[in-house]
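A.B. asks: The primary structure of each chain is shown beneath.
There are 2 protein chains.
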Amino acid sequence: MAPIRLAIVGLGKIARDQHLGAIEATDGIDLVAVASRNAKLDNIACFHEIGDLLASDIAIDAVSLCTPPQGRFEQAKAALDAGKHVMLEKPPGATLSEVFALAEMAKAKGLSLFSTWHSRAAAAVEPARALIAKRKIKSVSVEWKEDVRHWHPGQAWIWEPGGLGVFDPGINALSIVTRIMPESFHLVGSELTFPANRAAPIAASLSFETASGIPVGAEFDWRQTGPQTWDIRIETEEGSVVLTHGGSRLIVDGVAQIVEEDREYRNIYRDFVALVNNGASDTDYSPLVHVADAFMLGRRIQTEAFED
Amino acid sequence: MAPIRLAIVGLGKIARDQHLGAIEATDGIDLVAVASRNAKLDNIACFHEIGDLLASDIAIDAVSLCTPPQGRFEQAKAALDAGKHVMLEKPPGATLSEVFALAEMAKAKGLSLFSTWHSRAAAAVEPARALIAKRKIKSVSVEWKEDVRHWHPGQAWIWEPGGLGVFDPGINALSIVTRIMPESFHLVGSELTFPANRAAPIAASLSFETASGIPVGAEFDWRQTGPQTWDIRIETEEGSVVLTHGGSRLIVDGVAQIVEEDREYRNIYRDFVALVNNGASDTDYSPLVHVADAFMLGRRIQTEAFED
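These protein sequences, in sequence, are chains E and V. When you read off a place in the first sequence, starting at 1, and then add 2, the result is the number in our numbering. When you read off a place in the second sequence, starting at 1, and then add 2, the result is the number in our numbering.
Some hints could be false.
No distinction is drawn between identical chains; accordingly, a pair holds when it is met within one copy or between any pair of copies.
Each computed DSBU-like pair below joins lysine-lysine, with the alpha-carbon atoms no more than 35 Å apart [what the hints assert, rightly or not]: (1) 140 - 15; (2) 79 - 136; (3) 111 - 138; (4) 42 - 109; (5) 140 - 42; (6) 79 - 109; (7) 111 - 136; (8) 92 - 109; (9) 147 - 15; (10) 111 - 147; (11) 109 - 15.
Keep in mind the hints are simulated off the structure, nothing from the lab.
Extracted from the complex, chain E is given alone in its bound form (with noise of 0.2 Å):
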């Protein structure tokens, strides 16, 4: 199979941390063009727009979003009108009714839709998966405590409606325990921390419980300087199964377990290519229903200004 031709739209962070690097690890992808406002990478077209991109001459079968959650509907839209396949990096909208939506264009028109969780693709995520599968869960708690102001220097986007707060990581985490966990859970407590001075929270706490009732807590936190905590803990009759560093490393009844090397982001694009070539698409947005879940039951505190 010819290797899909793929544009990224948002030459931001996240693109030249995660993504550049891991489209050129990965077969069966080539980057041929970029749209960025305000970046440009040598010896690839490059357009300020994805309209200009669209309407130019360089063929391309696909569109990866790096863009801000906010605005991405009309790029996903506009890419999917043309006849490409989209991935959209996490979390894949503002909304939820927007993100439905493309699920339900993409279908119409037979195109992929890859909506990633980059966390999902950690190496821990699914060796714990399948062990928990036959051990009977007591309870889950997440503790996701990072510092914001190293992770998201200035990133005011971020603190703006939409954009999520302490929630753009805490996505993470619920993106793993959804993937995990084998039945489904709701919210029935959240208390939401927000800044004085900022729309979107610094701190949550969220309480869920599955169908059958087992408790799943989260504690996400923006405000840990130090050693920075991305922990997933769940207790089961037979012992414990730990996740840690963000899912990328697995503890099991306190032995830590061999895995393999952490490749979120090689994953990821292997796993675009595969639902490319098999015309699948991959739409699951439990982890931003939760999210809006917890907006929704939210009860509001307030704290002190943040300053970058």
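Based on these hints, arrange chain V on the given structure of chain E.
C.D. replies: Okay, now just chain V, sitting in the frame of chain E:
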């Protein structure tokens, strides 16, 4: 076909004002039991909890849940687990995750689940839908303004997280607009006004766009005294189509139309009977999806404290 033997869970204002009379007036369904913490009906088997009802000797086929949305998941799940069809008063639940899970459970068990939107059953809705399907829409504007003190006197739950505040009536408007519009739409801006002492909004200003770019605006306000406003105005290239009085009256190009007598709840019980008898479900949650989006994308404005 034998009439459906129905139990009502929750015997509050909406059950007494609407459900009891509608059931009485509907062929093919009989009320045989009630579960309510605080209230009883004469000559009907009464229980405190749905669990007591389901464990009793009273034979029922279906359950209609008229309780507040918080906590309704467990009731609906218990009914489905016991093999009963379920009808949900709006809003269908406190979270999207739980209602999506209920839809999957009902499907897996081959039971009917009807997530009702009583305003969709208003007399002018289907005529309006048929009319605008033949026209070219330019814009839609919703004005849904009522006096919360009159309609929800002392209902503390409606101001709590999950109670939805002004979206409790506003979701009725959204249930009409999602029904009559020929294409989907998604939120692009949301301003939510919260009283200083309440956890739910008293007003909301929403901007949506359809997939093809048609603007849909909505203004919800719970502070309107005097005449109440529940209007939806659709401007088309061929003239205006206006629904007033919550969807019960229709004005086309300035001329009031004759529509059927309004009988929202009788219509939804008629539809529930048809769904059960046909082994079908109706689980369109799009109005609640828009509400969750409005919270997720909402910019908060604080206003003066509200006292009943």
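A.B. asks: Now tell me if each hint is right for this structure.
C.D. replies: A quick look at each hint next to the structure:
no., hint, verdict
1, 140 - 15, "neither (39 Å within a copy, 39 Å between copies)"
2, 79 - 136, "between (41 Å within a copy, 25 Å between copies)"
3, 111 - 138, "between (42 Å within a copy, 24 Å between copies)"
4, 42 - 109, "within (32 Å within a copy, 50 Å between copies)"
5, 140 - 42, "neither (51 Å within a copy, 39 Å between copies)"
6, 79 - 109, "both (12 Å within a copy, 31 Å between copies)"
7, 111 - 136, "between (39 Å within a copy, 24 Å between copies)"
8, 92 - 109, "both (20 Å within a copy, 30 Å between copies)"
9, 147 - 15, "within (20 Å within a copy, 45 Å between copies)"
10, 111 - 147, "neither (41 Å within a copy, 40 Å between copies)"
11, 109 - 15, "within (31 Å within a copy, 43 Å between copies)"
Checked against the numbered hints above, the structure breaks hints 1, 5, 10 and satisfies the rest.
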